[in-house]
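Trainee: Let chain H serve as the given structure and place chains B, V and A on it in line with the hints.
If you want the building blocks of each chain, they are given just below.
Protein chains: 4
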Amino acid sequence: MKVIRDPVHGYIEIDELTTTLIDTPQMQRLRRIRQLGLSNLVYPGANHTRFEHSLGVMHLATMLTEQISSISAEEKDELRAAALLHDIGHGPLSHVTEGLIKRYTRKQHEDVKPILMKGPIADILEEHGLNASTIADHIRGQSALGQIINSEIDVDRMDYLVRDAHYTGVAFGLVDHVRLIHEMQFYEDKLVVGRGGLKAAESLLVSRFLMHPSVYYHHVSRIAETMFTRALDKLISQDIVDPFELRYMDDEHLFETMRHDEGYAGEMVRRLDERRLYKRALHVGFESVDKNVLRHRGKIERMEGEIAEIAGIDVTDVLIDIPKPPEIEEMQALIKTDGGMLHLDKASNIVATLEQAHIDNWKMGVYAPREHREAVGRAARDVFSVKKRTKQFRLTDL
Amino acid sequence: MKVIRDPVHGYIEIDELTTTLIDTPQMQRLRRIRQLGLSNLVYPGANHTRFEHSLGVMHLATMLTEQISSISAEEKDELRAAALLHDIGHGPLSHVTEGLIKRYTRKQHEDVKPILMKGPIADILEEHGLNASTIADHIRGQSALGQIINSEIDVDRMDYLVRDAHYTGVAFGLVDHVRLIHEMQFYEDKLVVGRGGLKAAESLLVSRFLMHPSVYYHHVSRIAETMFTRALDKLISQDIVDPFELRYMDDEHLFETMRHDEGYAGEMVRRLDERRLYKRALHVGFESVDKNVLRHRGKIERMEGEIAEIAGIDVTDVLIDIPKPPEIEEMQALIKTDGGMLHLDKASNIVATLEQAHIDNWKMGVYAPREHREAVGRAARDVFSVKKRTKQFRLTDL
Amino acid sequence: MKVIRDPVHGYIEIDELTTTLIDTPQMQRLRRIRQLGLSNLVYPGANHTRFEHSLGVMHLATMLTEQISSISAEEKDELRAAALLHDIGHGPLSHVTEGLIKRYTRKQHEDVKPILMKGPIADILEEHGLNASTIADHIRGQSALGQIINSEIDVDRMDYLVRDAHYTGVAFGLVDHVRLIHEMQFYEDKLVVGRGGLKAAESLLVSRFLMHPSVYYHHVSRIAETMFTRALDKLISQDIVDPFELRYMDDEHLFETMRHDEGYAGEMVRRLDERRLYKRALHVGFESVDKNVLRHRGKIERMEGEIAEIAGIDVTDVLIDIPKPPEIEEMQALIKTDGGMLHLDKASNIVATLEQAHIDNWKMGVYAPREHREAVGRAARDVFSVKKRTKQFRLTDL
Amino acid sequence: MKVIRDPVHGYIEIDELTTTLIDTPQMQRLRRIRQLGLSNLVYPGANHTRFEHSLGVMHLATMLTEQISSISAEEKDELRAAALLHDIGHGPLSHVTEGLIKRYTRKQHEDVKPILMKGPIADILEEHGLNASTIADHIRGQSALGQIINSEIDVDRMDYLVRDAHYTGVAFGLVDHVRLIHEMQFYEDKLVVGRGGLKAAESLLVSRFLMHPSVYYHHVSRIAETMFTRALDKLISQDIVDPFELRYMDDEHLFETMRHDEGYAGEMVRRLDERRLYKRALHVGFESVDKNVLRHRGKIERMEGEIAEIAGIDVTDVLIDIPKPPEIEEMQALIKTDGGMLHLDKASNIVATLEQAHIDNWKMGVYAPREHREAVGRAARDVFSVKKRTKQFRLTDL
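Going down the list, the sequences are from chains H, B, V and A.
Add 79 to the 1-based position in the first sequence for the working numbering, that's all there is to it.
Add 79 to the 1-based position in the second sequence for the working numbering, that's all there is to it.
Add 79 to the 1-based position in the third sequence for the working numbering, that's all there is to it.
Add 79 to the 1-based position in the fourth sequence for the working numbering, that's all there is to it.
If you are wondering where the hints come from, they were derived from the structure by calculation, not from laboratory data.
Since the structure is predicted, the reported quantities are computational estimates derived from the model, not experimental observations.
Don't take every hint at face value.
Taking lysine to any residue pairs in the SDA-like style, the calculated list, with each CA pair at most 25 Å apart, reads [unchecked claim]:
no. : chain 1 : residue 1 : chain 2 : residue 2
1   : B       : 192       : V       : 353
2   : A       : 466       : V       : 309
3   : H       : 155       : H       : 120
4   : H       : 358       : A       : 107
With the rest of the complex left out, here is chain H (with noise of 0.2 Å):
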């Protein structure tokens, strides 16, 4: 039994199964894909990886699975791996590429099953007796105990919260964690919170509403984000990258491709590179804009153009940002009481409006280089019909 220094979880210990795994190219990439795309623009320590993330969920998908009798060694060993390699889909800058590799692959990254069919990993897995397809299933949340990994509240999160609280330094790293994981169990077939998890659920619905504004949709991250993809949807559409190989590539590959480009992307790379970014020229919650403005994610081109030629400026110099409502599936969490299960909203008051709040955090905006900031701000204004901000808006209102 080695050990690896973590500086979330203090060690992780890791057996020849995994470090046999860890060992693969596969997982090495992921030491090159940074867990947070572009927040590091915001947050200089945000430079952690999906490599160190996916130790983590080992470690917590171990903890959980030593309190649990019921279940054999080699299904350990299974949701292990599967703990292990549940990332190794993702594309370069984790979330960032993810909408352009469904949209032309119609892949998820939860969508491993053929990495692990071939290669080492396959090798690794028969070695051992292991079955990939169930591994596969457990990445996807589609297996009983593929919920430890993947469900409303699973150990995926709980690392990735308290992960990126640790890199990006923002205090609201506030899972309790390690009682959460103890209040777990199996009730048929479904993974449920005990009554004495509630509390620290409920920390974990709250740490993730905190850290939402603060990191995730932070409106710097998403303007550099909002460029990088539309940068590399160009690339794409000039057959300059081949989509299905993204899931492939690291960080550093792509944006080497990209920084020799000569066109439109390669200037947005090296906007990025020497964080000369646009500005927000339109940045407005759901109260300011008509309630069917979700409706818009799917004609942005054709909005783009029409603030482009009512600013008389070239339409590169406009990007829309439409981002979907958040989702808060965590409510769906079961709690089991004396009296029968629960969904976590209706055993807890502050879940239960937790969606209601989210809205708060929604913005859209409008980007555009400093000098046009403010003819796109006009424009857009007149494009989107804003209102003046009223006072508040309930998501029955949508």
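Mentor: Positioned in the frame of chain H, the structure of chains B, V and A alone reads:
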């Protein structure tokens, strides 16, 4: 300028004024007053005192005033003195004796003017040309500057939340107090939080929400505190303890006094010393009791008699504990936005719902020695007409 | 299995045996014994107790035994009990009263057999079929397993170093105790550290070296403790305090007893209460005094008389404090290498030199009330023939 | 005044000058230079960059200057600029390429004058009326103020020790840098540490001592770095990489360049990417080799040839690594005492012995692919006449 090492804030600077005030017997007494009363029976690390908390509040108050140029040096001194002295009116075990002191003496712990007006503190203030009345007003929050240490969002709360988390080991000390303080300013004599501090303000309220059931209202603390206050009340009514003397006593002295008692009070304190605590015979939330239960707070002893009679035991073996519903005055803190000032609960959906969420955490208890637990439980269910738990309880039902 | 929240180790698991032991009056008394005596006069956060330290030692001992397969379940129980109970022989303020207790009763705090052989602890041990003698041997370190909690490198030291750092806020709690424990094993009935644990073992010694002058021998603590022990000694010689009773008393009770005294002892404790401490009239290292100074430790009172006479003041206004030179028994810990076993100071150059380095930190003090400070200083320099500081002092000169 | 969140120091304030400097391509490049080279192969969290370290050094330098009243506002600006820019001369992977850059270009990373004298940085400095030459002198430590960022005890060391501990998760980040800075002052143009800072200064040296074998000289990092530099050297000698360009490149660009190579360099980098590292065939301390071993540093390639020949393998399969013995220039830091100034190693016994203690940590290595490990090991023992380990090795024997 000397420095004191503080586990929470690093180093705290003390100048000549504060050094001299610290060295008065009134301030030194706070070394022997535990910050969290009897919570150390639940959290063995919670032995921190009002003394270090007072240093912390002074430190944060100084940090806040340093960024406001309009405050004069003398005003700063007065505020620093007020911050340091703000808890010298507390009795033994802090909030544990607060209710009894108020009931018998009409004094709240913020009413410290008499203490400031005589003895060494008065001498020091006079020497430094500082006004004791002004300082007393600051402590009661009845002045503009006083809002810094006593208002809806003050540095008192910031210090105790982070400090209590440090010593209990609970993971919820998530307040970004540095950011919050950085964003605070005066606007027309009101202490307000700038727009950029909204998330930090939310984090403070959420932190308090999470700390409530885990620490401040943990059922074991409630049991111990109910036992203690009932014992103390008995000694007061027997003229053994003078309620007017309480705010000049420390934990040790009161405990020793009570230990010398040979009746009920002595027995209770010996139980606390040896951790032979009463147990929960009944422990239910608002959803299970009549909504008028709060009105019973005035006639607890009569109801204890009723329960004892039904259970066929001595009345001293029944303790009823009906806490006040939590007040969240922080919701009234002012947020300064472009369009004017808003109360925090209008500016934040999550804050708007916290009052409701706090209802989840309210529990009333009936406690009894282990051997009478069942009998008392049955009797209490009867007396309070306890319903089977229904799903949820909304604030508007109260 | 229940858990207790600990700020240092996270969660500590307690089983039925340990829960029952914890709930005895003997263990509960430790809640009222401060770990660091009077250090809270220097570090306001240092109010932690022997109780939580005992839980921590039990936690670490369990962690260590879990990795050694040859230990039986019963032996583990005995060791856990010993770890939990290892400090029940401490008197008030821990080490502060240790010297007096030993002088008057010949008992050291590890001599706990009589406490284990009667009362509730004896009952519990018998119920669980555990041998009180074996446990007493463990506590004195006179058994193979006992080395885990009482030997050159034991979990007792690991816990207190990290814990004292947490509560004082001092930055030196650097012990990598998890790694160190991981590398410990038994070899021919000796507890040894494997080669891979050498650096962690070095870190433990270095940590203790750094903590020494900053915390354990801070001059303000030394002054307070000298005042306190002299006062207590007086009460013992007046038959007001029975030295055989001390190890059954707690801090509060002893303080209250002393406060009731109307003579010297009462005055001293009131001084401590109000932090009117004696000041350093003389404070010098080995380089400035005769190398035979340590021999004076037996005739301190006579020398105080001499100084008082020269200074023309009352003898009670002079306190001499000649600490023992630090012993670093950890240097004798065994390191297991390929070629056999080495003592730690043979395996590590830095450890080899620590004993010498500790000499830098030794200081003798003569203390007096502020108003006599100068006169006492002059007289003391005379009596001790204090030299001008020469450059450095080597161990071999002693 | 804006703030940047830093996991180590909390918040770092940046003013207009520093903001503008940060936004130059030269500073932004540091975002892509890892602080600890290839240490992330050992510590998965060690992905932090020169960029955040530079912010940290600027933060600490500001803190230090703020307590010295004699420094003018302009001097402060120059020092802040110097602190921020002090690492812009680093090549990819920081110290990993330092040796090669020096060998081929005679430039050290502190020689940054040419970079300051042209381009956007020159413009900004001129705009603010700051002298580029003065700043360059500060960076080289060739000025009074420059000692703050480059001297025996400077804020550069303080930041990197604490920061490296945070990201590796190693427990030894024990520097009490706040206290140390608080005690630093200028005395006759020398930056000195006041008597009260002696313990904090000791802690800095001890921290570096403990970090050395665990982090900075961990054998896996040494292997990876030896592989990397040998590969890079080959590319330089083939004119594929221009050594004068290195200090303008970032990690990503250099790695991508090397990956495109189809010979030795490409193979080495792919090995690093997939963590197929060479193994230790020989790894011994001073006690096992001829004391003249350091003289071999100049003829490593010839000796690799010898070993390869004996082992009967290709010379590229042997890598010899003979590190320089550690220099501890901090020992020459000045401590100001009542009697004058002392070098730190004269004022502290532990520091006096650290140089000797560092000898324990020195190891030379001969590395080879796993399959040749044994053969190379035998040959290397032969070539270096490796002795059986004798007990200890003293500095004076060198």
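Trainee: Could you work out which earlier hints the structure fails to respect and list their numbers in ascending sequence?
Mentor: 2, 3
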